[in-house]
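So the sequence lines, in the order shown, correspond to chains A and B.
Residue 241 in the numbering used here sits at position 241 of the first sequence; the count goes up by one each step and never skips.
Residue 235 in the numbering used here sits at position 235 of the second sequence; the count goes up by one each step and never skips.
Hints were generated in silico from the structure; no laboratory data involved.
Do not rely on the hints blindly, as some may be mistaken.
To be verified - Covered stretches of chain A (in silico footprint by chain B; criterion: 3 or more residues with CB under 8 Å from a CB of chain B, positions within the stretch not fixed):
{"id": "1", "region": "146-156"}
{"id": "2", "region": "159-171"}
{"id": "3", "region": "211-224"}
Stated by the list, open to error - Looking from chain B toward chain A, a few residues come up when the C-beta cut is under 8 Å (computed):
{"id": "4", "residue": "S59"}
{"id": "5", "residue": "S81"}
{"id": "6", "residue": "F86"}
{"id": "7", "residue": "P99"}
{"id": "8", "residue": "A105"}
{"id": "9", "residue": "A109"}
{"id": "10", "residue": "H131"}
{"id": "11", "residue": "F230"}
The C-beta atom is built at its ideal place from N, Cα and C for all residues, glycine as well.
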Amino acid sequence: MDLLLDPFRYEFFVNGLLVAALAGGLCALVGTYVVLRNMSYIGHGLSHAIFGGAVASFLVGVNFYLGAGAWGVASALMVNRVSRRRSIGADAAIGVITTASFAVGIALISSSGGFTRNFEAALFGNVLGVSRVDVIVVAAVTAVVALVILLLYRQFLFLTFDPEVADVFGVPTARLDALFALILASTVIATMQILGVTLIAAALVIPPVIARLLSDRFRTMLTLSVLIGTVSGFAGMYFSFYLDVASGASIVLTQALLFTIAYAASAGNRFSRRRLAGVETH
Amino acid sequence: MTADGRPLIQLRGVAYAYDRELVLTGVEMDIERGSVVGIVGPSGSGKTTLLKLLAGAISPTRGTMERASSVRIGYVPQVESVNWYFPVTVDEVVLMGSPARRFGAGYTADERQRAHSLLHDLGIGHLENRHIRELSGGQQQRVFLARALMADPHVVLLDEPMSGVDVKTRQDVLAALQQLAAGGVAVVLTTHDLNSVAAHLPEVVCINRRIVARGTPLEVLVPEVLLTTFGAQMELIEHHGHPIVIDMHPEPVAAVAEGRVDGSSA
Numbered sequence: 001m002d003l004l005l006d007p008f009r010y011e012f013f014v015n016g017l018l019v020a021a022l023a024g025g026l027c028a029l030v031g032t033y034v035v036l037r038n039m040s041y042i043g044h045g046l047s048h049a050i051f052g053g054a055v056a057s058f059l060v061g062v063n064f065y066l067g068a069g070a071w072g073v074a075s076a077l078m079v080n081r082v083s084r085r086r087s088i089g090a091d092a093a094i095g096v097i098t099t100a101s102f103a104v105g106i107a108l109i110s111s112s113g114g115f116t117r118n119f120e121a122a123l124f125g126n127v128l129g130v131s132r133v134d135v136i137v138v139a140a141v142t143a144v145v146a147l148v149i150l151l152l153y154r155q156f157l158f159l160t161f162d163p164e165v166a167d168v169f170g171v172p173t174a175r176l177d178a179l180f181a182l183i184l185a186s187t188v189i190a191t192m193q194i195l196g197v198t199l200i201a202a203a204l205v206i207p208p209v210i211a212r213l214l215s216d217r218f219r220t221m222l223t224l225s226v227l228i229g230t231v232s233g234f235a236g237m238y239f240s241f242y243l244d245v246a247s248g249a250s251i252v253l254t255q256a257l258l259f260t261i262a263y264a265a266s267a268g269n270r271f272s273r274r275r276l277a278g279v280e281t282h
Numbered sequence: 001m002t003a004d005g006r007p008l009i010q011l012r013g014v015a016y017a018y019d020r021e022l023v024l025t026g027v028e029m030d031i032e033r034g035s036v037v038g039i040v041g042p043s044g045s046g047k048t049t050l051l052k053l054l055a056g057a058i059s060p061t062r063g064t065m066e067r068a069s070s071v072r073i074g075y076v077p078q079v080e081s082v083n084w085y086f087p088v089t090v091d092e093v094v095l096m097g098s099p100a101r102r103f104g105a106g107y108t109a110d111e112r113q114r115a116h117s118l119l120h121d122l123g124i125g126h127l128e129n130r131h132i133r134e135l136s137g138g139q140q141q142r143v144f145l146a147r148a149l150m151a152d153p154h155v156v157l158l159d160e161p162m163s164g165v166d167v168k169t170r171q172d173v174l175a176a177l178q179q180l181a182a183g184g185v186a187v188v189l190t191t192h193d194l195n196s197v198a199a200h201l202p203e204v205v206c207i208n209r210r211i212v213a214r215g216t217p218l219e220v221l222v223p224e225v226l227l228t229t230f231g232a233q234m235e236l237i238e239h240h241g242h243p244i245v246i247d248m249h250p251e252p253v254a255a256v257a258e259g260r261v262d263g264s265s266a
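Work out the full structure, taking the sequences as your base and the hints as a guide.
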């Protein structure tokens, strides 16, 4: 028991545990829609795009959340707009806009004279370095996103399942697409310092994919996904503390382990494996 | 028509282009209360685009579309366009058809009751907790019809409802649609199945990027119109007052393949 409670003597660990569980749950909540809309690549791309904004805001001396936030929202809206052009397609639009934005970040780093700890945290995550402000930001974004998704549950479900037809039934698809782009950008920005640019995509994708293996009902999948994201954030932090590995990596490896167990458990069940056939994870 | 004598939906001089490619032009069309209209035409002729225009999912590039005030539309998509691996059960799909403005994750007892009644009326009430992929083609078709009926529509639009279903299912779907029309609902569907249209629907529209002809099956399904619409020779015979369309390929395919006749003359 002491072994489990020992880390709680450190305030940084308590903050980290709280923020990792929140970030895991938040990414899993938003990730359920990302995975079911076959948009997994956008989580990966957007986090890279926002890195450009994070570097720019650091160098200019603007608050990270303001600078990266504006940059992220602009990138998400731009991807949303460009991908509506049929001849380009969403994956190519994401590829162009987000890698260009990431390249801006790299160019700024190289011209400013090198790599600092702040940039390293943005790239690889640093849960133990989170401040009280970071905890408040993640908690606030989680609360707002959860509330929006709860209120617009029906509309988002229809949009995710059948975007072409949802319009006909009165679902304001263009506005919801833009709103979802904002939700995704907010999620990436809020969790970037914790999970890191390189690992956010995994936190968005793995919990919903595990939940999909376990359920054929949307509501159950959504609930399971959030539960898996939260628990793996919590457990990943413990592993990070005792194994002395980077917290972002620890959280994602915990999720990967859970995926392996769920996949192996369902290996004999052809029906479960077929569920994943409709899920593109890139 | 509505109480004031106007059609439910009116298209006047409508054209539509995807990017810069014109796929429909000069469309004049009225959808009246209780009418049952079958839209036929070759692949790429603009059938689905016309349906989406009527549904209001897209707006005309040129021309006007007028809908009577507060007309509710129900839409049944092509089954090929549905993501059958999406984690939804039959009742979840049907409940999507409830008015979209309601907030929250729950559904009211009235909504659940209506979904249950619709599924029961369509003969699939016992399947409401099943995943949509576990159903047969006909059952899947009826799930999406039930979703279209959730909001008590004035017009039901169906994209290829008879595609990939067996004869019995096709008859069941058509019977359900005729029942709707008898209750005053306008039904518009697209199909490749000319003989079903001829046998079951009172009105046919032949399109190929424009409306080629519109009228009863006996008026419209004639070789000249079919040649203009499909670019293919077809012969018609009459059976119990209904036209039956026969594909007029000059020689049986097997004979061409075996070299007994020269296929190039076709």
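Using Cβ atoms only, decide whether S81(B) comes closer than 8 Å to chain A, and label the hint accordingly.
-> Since chain A brings a Cβ to about 7 Å from S81(B), closer than 8 Å, the hint holds.
Can you take a look at whether the region 146-156 of chain A is actually covered by chain B? Rule is 3+ residues, C-beta closer than 8 Å.
-> Held - the region 146-156 of chain A has 6 residues with a Cβ nearer than 8 Å to chain B, which meets the minimum of three.
Hint check: 8 Å Cβ-Cβ cutoff, A105(B) to chain A | Holds - the Cβ of A105(B) comes within 8 Å of chain A, reaching about 4 Å at its closest.
Status of the hint placing A109(B) at chain A (closest C-beta pair under 8 Å) | With a minimum Cβ separation of about 16 Å from chain A (threshold 8 Å), the hint on A109(B) is violated.
Verify the coverage statement for the region 211-224 of chain A against chain B, using a C-beta to C-beta distance below 8 Å and requiring 3 or more qualifying residues.
-> holds (count 8)
Given hint F230(B) near chain A, where the shortest CB pair must fall under 8 Å = Hint violated; F230(B) Cβ to chain A Cβ min 26 Å, cut 8 Å.
Would the stated hint for S59(B) survive a check requiring a Cβ distance to chain A of less than 8 Å?
-> violated (11 Å)
Three or more residues of the region 159-171 of chain A near chain B by CB distance under 8 Å?
-> This one holds; 11 residues, not fewer than the three required, reach chain B with a Cβ under 8 Å.
For the hint on P99(B), just tell me whether its beta-carbon gets within less than 8 Å of chain A.
-> Holds, because the Cβ-Cβ distance from P99(B) to chain A comes to roughly 7 Å (cut-off 8 Å).
Is the shortest C-beta separation between F86(B) and chain A less than 8 Å?
-> holds (5 Å)
Given H131(B) as an interface hint, is the shortest Cβ-Cβ distance to chain A below 8 Å?
-> The hint holds - H131(B) has a Cβ within 8 Å of chain A, the shortest such distance being about 4 Å.
Checked against the numbered hints above, the structure breaks hints 4, 9 and 11 and satisfies the rest.
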